[in-house]
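Peer 1: With the sequences and hints as input, model every part of the structure.
Throughout the sequence shown, residue numbering follows numbering that gives the first Met the number 0, covering 0 to 317 in sequence.
Among the clues, some could well be false.
[To be verified] Keeping only pairs whose Cα atoms sit at most 27 Å apart, straight-line, the calculated DSS-like set for lysine-lysine is:
| no. | residue 1 | residue 2 |
| --- | --- | --- |
| 1 | Lys-281 | Lys-118 |
| 2 | Lys-281 | Lys-4 |
| 3 | Lys-205 | Lys-289 |
| 4 | Lys-4 | Lys-118 |
| 5 | Lys-312 | Lys-289 |
| 6 | Lys-275 | Lys-184 |
| 7 | Lys-275 | Lys-289 |
| 8 | Lys-9 | Lys-205 |
| 9 | Lys-2 | Lys-247 |
| 10 | Lys-149 | Lys-184 |
| 11 | Lys-41 | Lys-69 |
[Said to hold, decoys possible] Now the in silico label distances, taken between C-beta atoms and shown as ranges:
| no. | residue 1 | residue 2 | range |
| --- | --- | --- | --- |
| 12 | Leu-228 | Pro-170 | 23 to 33 Å |
| 13 | Asp-195 | Lys-312 | 37 to 47 Å |
| 14 | Glu-34 | Asp-245 | 40 to 50 Å |
FYI, nobody ran anything at the bench for these hints, they're computed from the structure.
Quantities reported herein were computed from a predicted structural model and do not represent experimental measurements.
We put the beta carbon where it would ideally sit given N, CA and C, even for glycine.
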Amino acid sequence: MAKSKERIEKVERGFLFAPLIFSYGATVENVSLSEYLRNPTKIVRALKNIHQYFRTDVIVSWLDPELECKLLGYKAKSNTVEMYEIKENFQKILPEGLSEKTEIQLILDVVNRLNILLKDVPLMLLINGPINLTSKLIGINFENIKDIEKSLEIIEIAKLLTLEIIRSIGPLDVDILILNERLPKPTERSMEVVEDVYSTILNTLKYFGINTGLMIDVITAEHSLYSNLFDCLIINDIQNIEPLLDFKRLGFALPLNILHKSPEEIEIFFGEILDKFSFHTKPFMVTTEKEIPPYASPRIVRGLTIIRELMGKFGDVR
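Peer 2: Below, the structure written as structure tokens:
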């Protein structure tokens, strides 16, 4: 199914309201989270209702921080996984391919249904980047390039797994893929490693016509050096934004605690964001730095509706 002109133009225009809302659908459907995640009919119905209620510009069609770990048969942050185990388990899933995995089948089912039901609404997925996935598997934070170089063999497996996921979803009409990643402090060597990890991934995403954004927890001015490799960065701190304007696209991830504040405080904070982005037109997207929890408080729900109203208010004047 070819993407509609309206859908393509919406992504190109940017300033997308794209909060990370997925598991909250369990509350919308009034079922347990485990039941929700097993039922594509409930997921699609909930995501449609969430989209209509919050007037989002994008639908987060799947979000599971432990997806890749599950595909490999591990729990995230186990800190006990040995390299030989990871290699063996990865080799086991290659012959049959990821499309046979229950988790991937669910994603494909949900995305296909959403494309039919809401054909003009862009779809977004969020997965772990290879370095972040490796960190989850072996429990190392990768604060410097030495830690990364010690783990290059597992990072390579994580890269191949990421590529398999992208190739599984690539033929579907997914518009945006956000990679939750850890990037080391930029040095000549670290940038060589990151480029080696990502060159094939980015080329594959480009082949499938999927827009890519990188979301990292800790961002410094030095990360602007990665703008030669990545087009889009999602930031969660506006204090040192100027050096990051080298990126072709910048998005902003709202801290969840902001959504708890009063409407007046939220409007002031949002205005500061747009002022900081003034040299970069508008943010490519406004999302949240973490997923809206399944049983989010009414204050968070109210905060999201306020952000939606503010985006409509400032959309044509900034």
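Peer 1: Now look at each hint and say whether the structure bears it out.
Peer 2: Hints versus structure:
1. Only pairs whose Cα atoms come within 27 Å are accepted, and Lys-281 paired with Lys-118 is accepted, the gap being roughly 25 Å.
2. Taking the CA atoms of Lys-281 and Lys-4, the gap is about 22 Å. The hint holds against a cut of 27 Å.
3. With a CA separation close to 26 Å, the supplied pair Lys-205 and Lys-289 stays within the 27 Å bound.
4. In summary, the hint linking Lys-4 to Lys-118 is supported, as the alpha carbons are separated by about 10 Å, within the 27 Å threshold.
5. At most 27 Å may separate the alpha-carbon atoms for a hinted pair to count; Lys-312 and Lys-289 meet this at roughly 25 Å.
6. Proximity of Lys-275 to Lys-184 is assessed by CA-CA distance (about 24 Å); at most 27 Å being required, the pair is judged to hold.
7. A hinted pair counts as satisfied when its Cα atoms are at most 27 Å apart, and Lys-275 with Lys-289 qualifies at roughly 22 Å.
8. Taken as a hint, the Lys-9 and Lys-205 pair is honoured in the structure, with Cα atoms around 18 Å apart against an allowance of 27 Å.
9. For the suggested pair Lys-2 and Lys-247, the alpha carbons sit about 23 Å apart, so the restraint of at most 27 Å is met.
10. Using a Cα cut-off of 27 Å, the hinted pair Lys-149 and Lys-184 holds, with the two alpha carbons roughly 16 Å apart.
11. A distance of roughly 22 Å separates the Cα atoms of Lys-41 and Lys-69; the hinted pair therefore holds under the 27 Å criterion.
12. In this structure the hint that Leu-228 and Pro-170 lie 23 to 33 Å apart at CB holds, the actual value being about 25 Å.
13. A C-beta distance of roughly 44 Å is found between Asp-195 and Lys-312, which places it inside the suggested range of 37 to 47 Å.
14. Roughly 46 Å separates the CB atoms of Glu-34 and Asp-245, a value that falls within the hinted 40 to 50 Å.
In summary, the structure agrees with every hint in the numbered list given earlier.
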